[in-house]
Structure formats: structure tokens, C-alpha cells
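The task is simple: from the sequences and hints, build the whole structure.
Protein chains: 2
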Amino acid sequence: MADRYQPLVRYFQKLSRIEHAITFLQWDHMVMMPPRGSEARSKALAELSATYHRRLVSDELGELLQEVEDKTDNPERIASIREMKKVYSRAVCLSSDLVEAKTIAGARCEYQWRQQRNDNDWDGFAGNFREVVKLCREEAQARFARNPDNFATPYDTLLDLHCTGDDSGFIQAVFTRLKRDLPGILEQVLERQRETKRPNLAGEYPVAQQQQLNKNLMLSLGFDFESGRLDVSAHPFSTGCRGDQRITTRYRENDFFDSLLATAHETGHASYENGLPRQYDGLPVGGARNLCLHESQSLLFEKQLLLTRPFLEFFLPVIHRCLPATSHLSAETLWLGATRVAPSLIRVEADEATYPFHVIIRFEIERDLINQQIEIDDIPELWDEKMRRYLGISTGSNFKDGCMQDMHWTDGSFGYFPSYTMGAINSAQFSAAIRLAHPDWQEQLAGGNLDFIRRWLLENIWSVGSTIESQEILQKATGQKTNPDFFLDHLKTRYLDCGY
Amino acid sequence: MADRYQPLVRYFQKLSRIEHAITFLQWDHMVMMPPRGSEARSKALAELSATYHRRLVSDELGELLQEVEDKTDNPERIASIREMKKVYSRAVCLSSDLVEAKTIAGARCEYQWRQQRNDNDWDGFAGNFREVVKLCREEAQARFARNPDNFATPYDTLLDLHCTGDDSGFIQAVFTRLKRDLPGILEQVLERQRETKRPNLAGEYPVAQQQQLNKNLMLSLGFDFESGRLDVSAHPFSTGCRGDQRITTRYRENDFFDSLLATAHETGHASYENGLPRQYDGLPVGGARNLCLHESQSLLFEKQLLLTRPFLEFFLPVIHRCLPATSHLSAETLWLGATRVAPSLIRVEADEATYPFHVIIRFEIERDLINQQIEIDDIPELWDEKMRRYLGISTGSNFKDGCMQDMHWTDGSFGYFPSYTMGAINSAQFSAAIRLAHPDWQEQLAGGNLDFIRRWLLENIWSVGSTIESQEILQKATGQKTNPDFFLDHLKTRYLDCGY
Ligand SMILES: [Zn+2]
Ligand SMILES: [Zn+2]
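Respectively, the protein sequence lines represent chains A and B. So the first sequence is residues -15 to 484, counted in the working numbering. So the second sequence is residues -15 to 484, counted in the working numbering.
Treat the hints with care, as some may be off.
As the list makes no split between identical chains, a pair holds if one copy fits it or if it spans any two.
[Said to hold, decoys possible] Straight-line alpha carbon distances no greater than 27 Å define the calculated DSSO-like cross-link-like pairs of lysine-lysine that follow: (1) K27 with K(-2); (2) K69 with K27; (3) K86 with K69; (4) K384 with K118; (5) K86 with K55; (6) K163 with K370; (7) K199 with K70; (8) K55 with K181; (9) K27 with K476; (10) K(-2) with K384; (11) K460 with K(-2); (12) K27 with K370; (13) K476 with K370.
No lab work stands behind these hints, which were simulated from the structure alone.
As C-alpha cells, then:
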């Protein structure tokens, strides 16, 4: 009997080569391309995406998937076929008309948003956004109709694209705990920090020097420059493939620490990708599990490694060497400067203690919007009301620093936001497990030794790929599912007990 | 009646988008990619090339081309269809087995050549090279069999891929003139230069300073950084698409002029590409005509613009500003240093007066090799004999600086070499026409004004694309076909009369 699995493997490997092309052409677009290259690049990317989509939804693949024997007793193969079917069925349940309409509406809404946000023009934005929401509701309905048993609500089908495996009920339960316990902690932290002045880390830090510093940080965090690059872009991001992980950061002449944090963050994302199981290269089962885990890796590198006192002690001489203007700064000063907490309007500038509320607001609004519990016109008031309730500040009619501040919704990326806070919780939970297994973790970090951490992550998360579901990964690695207590404990230790 | 031309236009535009992806992924491979990215990249490029080839030789395209009415009285459309048919017929006349075998044999031969050349290992090289030549002869025979009326010899079919429109008989006639008249000129030049010492341009020139200098040169030559980039690679090259022309150069800490020449050269290539007719974007008729013209543009920028006394006078202050270590150098010293002539073994290091002989040797040998007049084992002796006859130096058994020095043959790129010297002649011929039309050209260059040159090139060459044949372009622009007299006159003026 012919093996019906191997043709599938070859099919997906070929698909992954088109994906490779799209990945690096997009990277080039963001990082290298001169402005006038944009017309030809957009057309090339559209052609490749269409080729990719056409091959993914082809009858040929559908038949291969139907014929394959998934009742084998080889668990690896069962997992691989399960993930293949997931990718295929996510793609076929949408008509190409809907996909195209969403692409066009999303691109227009995002493009005009840049100016509209600037102008605080909510009405103008709402005009375009209405079409995006309409199409995303259609998308959610179509996905829901195809798999009514798998999803609790239409919104869950969009959530599943980003937070695969963590449904809206589970996330709601986690967030409810945060809403209950975080305000009290936050109040104490603010009270506590009122006693001390924020240290001033500003200075003149030439970009070339910062570049050197950031590369050194990546080396210290275990990044391999034979398998990746560091470049500059307006918004830090990471992308690539095995052996070629590319991250970006941005530099400000008067602030070096922000860019260090961004670089540590993206190094975490890149480390996950480079640690994925080699034997499944090109197959869905070899991909990162979901964004809640992806973000847990980046936040672990950013908040649980770089931003600890022992690691900063270790890294301080490198900072002094690369940036002579920092010679008067101690590790403790850096730590104090980078761990200030203050409620504010803008999510991307929020500290780790207030960030969850920014996410919860978005989660609650987008869920109800997609599930047709609320309408677009309700958003500004809901936003203001939730901001006042959770963070004690009002946005009023300052839409540009309120409900218009993020890009995510403009092109219809609903279901993405929860991963930020799920990732923060997961990262605290993983760190707790690692520290429990390595009680000398502070000495290790102070000596610049992070191998034990990378090994733990490789074994428990990276090399697992998508062979099991996300909460199984949490369970196996930490003994329980995503549990906000770890995150709350982390905040208490760092901000109230002044530990690490 | 339905228009049968538009579907063809759309078909080729789609093909050009796959080409776009290949172009920029290859650029990235050469310029940006970390070493470990190479495995995934090679697979992605192979997949894209296969996709491109499959779509190009498809029955669908064959039928579209058969059905299209090319007896229209619209000359633009006639030209466009002619070029489409040329691209298609070049691709379909080879079996995919032959294409694949050639790719594999070429890759192996090129890869091992790097070490074999180092080891002066002719026998080892000949082993791999035999397979490459065998397959290229098959290729030439297959192309010849399909179009026996269009080509004089099998070699002409390979020549046609690079020097499209300039056949081996025509090139032979041009080269015969050079073989007759160049030796006498060369002898006089050497005699004349014996009187003077070569000025020493060596010094310490930091790469960052050189980078700034090279960018300034590109700006002076009319390069638009909104439509392109300058980067670094082991061997300078240029590639890209409309609006995104990317050139590379290389830097040596002790020599700045070589990298300037390379940058001017590649700026010429990029200017041609960016000047191609916009209305034919994505269509074969909108492409550069052939390499004899492409190389004429690069050599014109390198030898007829940068390397003239008036331009160097204009540019000297920029050199002094960017490279303080050059402050003692005058424009005349630079010019004298960069216009030294001396027969030598290595083509890529040859001056413009001896370069043609390096090309003639290769042309005569590769032609006879593909047409089965000689065999691989004859090459070393022929090389030595021709080097002695044309340049008065013997290679003997120094194969690595003799017949093993170039990469071109290793992967079967026969028919490429002649374009270097045809390009040099064309560039002298175009310059003569421009100078005749602008008798004040030296004052213009001394003022840094090159607009009149770019305008002439745009009108006469760049914007013509492939709408007419190469020698028609020469005829229209200069009143005659490629004529070596212009090149010989250029050498006499520059090296004997000590003009410009
Ligand atoms: Zn992230
Ligand atoms: Zn060239």
C-alpha cells in the first residue's frame, strides 16, 4: 500500500517555499526597500499570496487530506495530519471574494487611519472601519458555520487564528482574575513608588554605539549571528525561517534602554522560531504553537531576563563600554528607571503592571463587536468608561490616544490582542518553573549564564512545535494551565517586595 | 472580436512578478543573508524558478501566442509579440531534463572550481567541466535544430542569449579589426608610459568614509536613492526592477579609486534599467536589449564619465571632503594613476587597452569548443599560445591565472564574454555621438552637469527597450553599426594624445 502521508509532506514543504519568499520580500519591504520600489513589490507579493492560497485550497490537497490514514498509531503523524487539516480547513472555509474584499477594505482603512488618527477624526475612520467589521463578522460567521462544534462563538474562530487553543471562555476567566486582583496591587505599587523619584536615564547615545550594544545584548542572550540579523525599522519586529531569523529595533539618540528592551523582546521571538523542531521543517506541525506562547518567549527575554537586577549587573560593563555616556549609571539606577509604573493612555508605552488593562479593554470590545453585541458607534463611550474604571483615566473625545491608537483593528486582525497578556502570564509561569528548578538562577544570571534557561525553553516549548495544544504545553512544562497567579506574584515580588 | 493581445500582456506581467521575487531573493542571498539561511533559500529559489519555468512553457501560453494576430499594423504590438515569442521559444526548445542536468552539473563545477582554481588543479576541473560542456553542446544543438535558419552555428544560439542580435560572424569581424590595429596602439602607449612613473594612490581610507564618497558619486551621476540602494558584496553587481535598482561595490582600506570605478560602472547598469520604457513594464519588449548595450552603459559611466579629466576636476572637492587622507592628491594625479596600461594575466584587473584581448581569447576558444572544433584538452595550450600572441605573456602551466580564472564557463555561461568588448566599443561610439552633439561637453562635465548625457542615453537607448534590434539602436543613435574605430580613436586620444 502506497504511503499516503509522504505526498502531503512534499505538498506542504513546497507551500512553505512560497511562504519563505513572501516572508523575506516582506522583511525587505519593511527594512531595505527604497520608497519607489513599493508598486512592483506590492504586485509581486499579491501574486505570491494568490499562488500560495490557490495551492492551499486546491482540490489536489483536499483529496490528499481526505485519503490519508489518520487512524495510524504513530502519534507524531496524527499530530502532523491534524495540523495540516487545520491549516487547510481555515483556508477553504472562506470564499476568495471575501478574502479579497477584506484585503482591500483592510488596506484602505489602515492607510487612511494614519492620517485620521493624526487628525483625531473618529467619524472618518468609522466610515472605513464599518466595512472592515462587516467583512470580519462575515468571516467569523463563515468559519463558525463550518465548525459549529469547535467554537463557542463566532469571535472564537478569529481568536483561534492567533491564540489557537485558548478560547474566549478560558481567556475571559483568566482576565476576570486580573480584573479582581490587579487593581489592589497596582494601587500599592503606585503608593510605594510615590516615595522615590524616577531616575533620569536620558543622555546622548550615538546610534552606531547603540547598535553595537544591542548586538552584544543579543550575543549575551544566545542569539547566533550566523543564523540571523539585527536591523532597524520604524516598529521592532522579528521574522524569518530556520537559520535566518531577522529582528529589528529602533534607536532614539536620547534613550538607549527602550531599544535594548525591544531587542531582547524580539530576540525571544527569534529564539522560539529557531528552536522549532527541525524534523518538521515546512510542515504545520513544526510551526510555533500560538501567539500566547510566542509572546511569552519575547516577554520572558525582555522582562524576566534583561530586566532583572542580576542580569543588569552582569551586563553593565558592556553598556559602559559601548556607551561611554552611561558611565555614571549603576545597574540599580537602570533597574529603577525601567521599572516605573504609571497608568497612561497608550498601550505600547505602558509598563507591565498596567498593560493587562489595555488588553482587557480591547478584548472585551472586539469580542462583543464581532459577536454583534455592540456596534462601532458604541466604541468610544465604552473605551472611555473602561479606561476610567480600570486605569482611572478618561479618554473623552481624545480618540487618537483612545480607541484609534492601534493598527491591529484597521486591517481586521481581531483576536490578536489577548495574546499580549496571555503571553505575559505564561512568561511569568515559565520563569517560576525555571527558577524553581534552578534555585541558583540569580547567581547564574549575574554570571551571564543563560544556557539553563535556553535549554529549558528548548525542551519544553520550542522543540514541541505544534505537536500538542497550547494548554498541554503549559500543563507539561509547569504542571498547570495558564494561571494569572504567577503573573500577579511576579508583580508583587518585583514591585512590592523589590525582589529581582 | 476579442483582443487576443491583452491576455498575453497579463500573462507576462504575472510571470514578471515571479521574476521580481527571484531577483530580490537572490540579491538578499548575496548581500544580506546570514550563512545558515542558505539551505532554505536555495530550496525556495528552486521552487520559484520551477514555477516560473512551468508557467513559461505552458500549453496555455503556447496557445495564446499561436492565436495572437501579429499581422497588425501597430509596430509596437508587433515588436512586443516578437519578443514574447522569442522568450517562449528559447524556453520550450529545451527538455526539462536537460535544464535540470545543466543546473546540477554547473553548480557542482562552479562549487569545486573555487578550490580547484586555488590548487591550480586543471585535471580535476576538466573532469567536471567536461560534463558542463557536453550539456551546453546539447543545448546549443537543440536550440540550433529548432531554428536552423536563424543561426549560423550552434554557438550562435548561446551567444544570442546574451548578445541578442549580434551574431558570431559580426563579432568576429569587429574583433578582427581590433586584432589588426590594437597591437600597434598598445605598443605606442606602453612606450609612452615608460617615461612616467605610476603615481601612488595608496593610503588609509576608512570604509565608512568611502561609503559616503561612493554615495556622493552616485548622486553626481544622477542616481536616485528613492529608487535604489548601494550595498557591499564580494563582487560588485547590480540588479532590481523599476523604482528599486540595487547596486553593490566592495571596499579596500588602502585603495579608494577601484571601488569608485566599480560604483560608477554599476550606476551605469542601474541607470539603463531604470530608464527602460515604463509602458512595457513586465513585458519582454520592455527589457534591456542585450548585454553588449548593457555593458556599454556601465562602461560609459565608468570610463567615459568618471575617468575623464573634467569630471575628476569637478569631483575632486567631494573626494577631499569625504576622504581627508586624499588631500595631497590632484585630479591629474588620480587620472594618471587610473589610466596606466600594462599587459597582465588577469582579465578583471586589466586596463581598457588590453582588456579586449582577454575577451577575444575567450570568444575564440568558447566558440570553437561549442561548435566542436576543439576539445577541452586543447584549451590550456590554446590559451597560452593566444596570450603570447596577443599580449606577449605566457601562462604556461599557471592554469589558475590562465584558463581557470573566470567563473563564467563553470556553470555554462557561454556566449557572455564578447559582450564586454562589444560594450566597450559601443560606449566609445555613444560617447563620440554625444560629444559631437555637445561640443562643450568638457565644460559641462567640469561643472558637474551630466543631464545632457542622461537625456541622450534615455532617448536613444534606455527608453527604446527591446522594441528594435541592437544594431538598429546603434544605427539610429550613431548613424552606423558597432564600429571598433570609435574605441580605437578613444584609446589614441586618451593614451597617446593625452586628451580628456
Ligand atoms: Zn512580541
Ligand atoms: Zn558590467
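Verification of the hints:
Taking CA atoms no more than 27 Å apart as the test, K27 paired with K(-2) passes in both settings, with 21 Å inside one copy and 9 Å between copies. Taking the shortest Cα distances, K69 and K27 sit within 27 Å of each other only across copies (24 Å), while inside one copy they are farther apart (29 Å). Taking the shortest alpha-carbon separations for K86 and K69, only the intra-copy value of 23 Å comes in at or below 27 Å, while the best inter-copy value is 38 Å. Taking the closest pair of Cα atoms, K384 and K118 come within 27 Å of each other only inside a single copy of the chain (22 Å); across copies the shortest separation is 68 Å, beyond that limit.
For the identical chains of this complex, K86 and K55 are neighbours neither inside a copy (37 Å) nor across copies (43 Å), given an alpha-carbon limit of 27 Å. In this assembly of identical chains, K163 and K370 lie within 27 Å of each other by CA distance solely inside one copy; the values are 11 Å within and 86 Å between copies. In this assembly of identical chains, the alpha carbons of K199 and K70 never lie at most 27 Å apart, being 38 Å within a copy and 50 Å across copies at closest. Within a single copy, K55 and K181 get their C-alpha atoms no closer than 64 Å, and across copies no closer than 84 Å, so neither meets the 27 Å cut-off.
Taking identical chains as interchangeable, the C-alpha atoms of K27 and K476 are never at most 27 Å apart, the minima being 51 Å within one chain and 50 Å between chains. Proximity of K(-2) to K384 under the C-alpha cut-off of 27 Å is found in neither arrangement, the shortest distances being 43 Å within a copy and 40 Å between copies. In this assembly of identical chains, the alpha carbons of K460 and K(-2) never lie at most 27 Å apart, being 33 Å within a copy and 48 Å across copies at closest. Taking the shortest Cα distances, K27 and K370 never come within 27 Å of each other, neither inside one copy (42 Å) nor across copies (50 Å).
For the homomeric pair K476 and K370, the shortest alpha-carbon distance inside one copy (24 Å) is at most 27 Å, but the shortest distance between copies (84 Å) is not.
In this structure, the earlier hints numbered 5, 7, 8, 9, 10, 11, 12 are contradicted, and the remaining ones agree with it.
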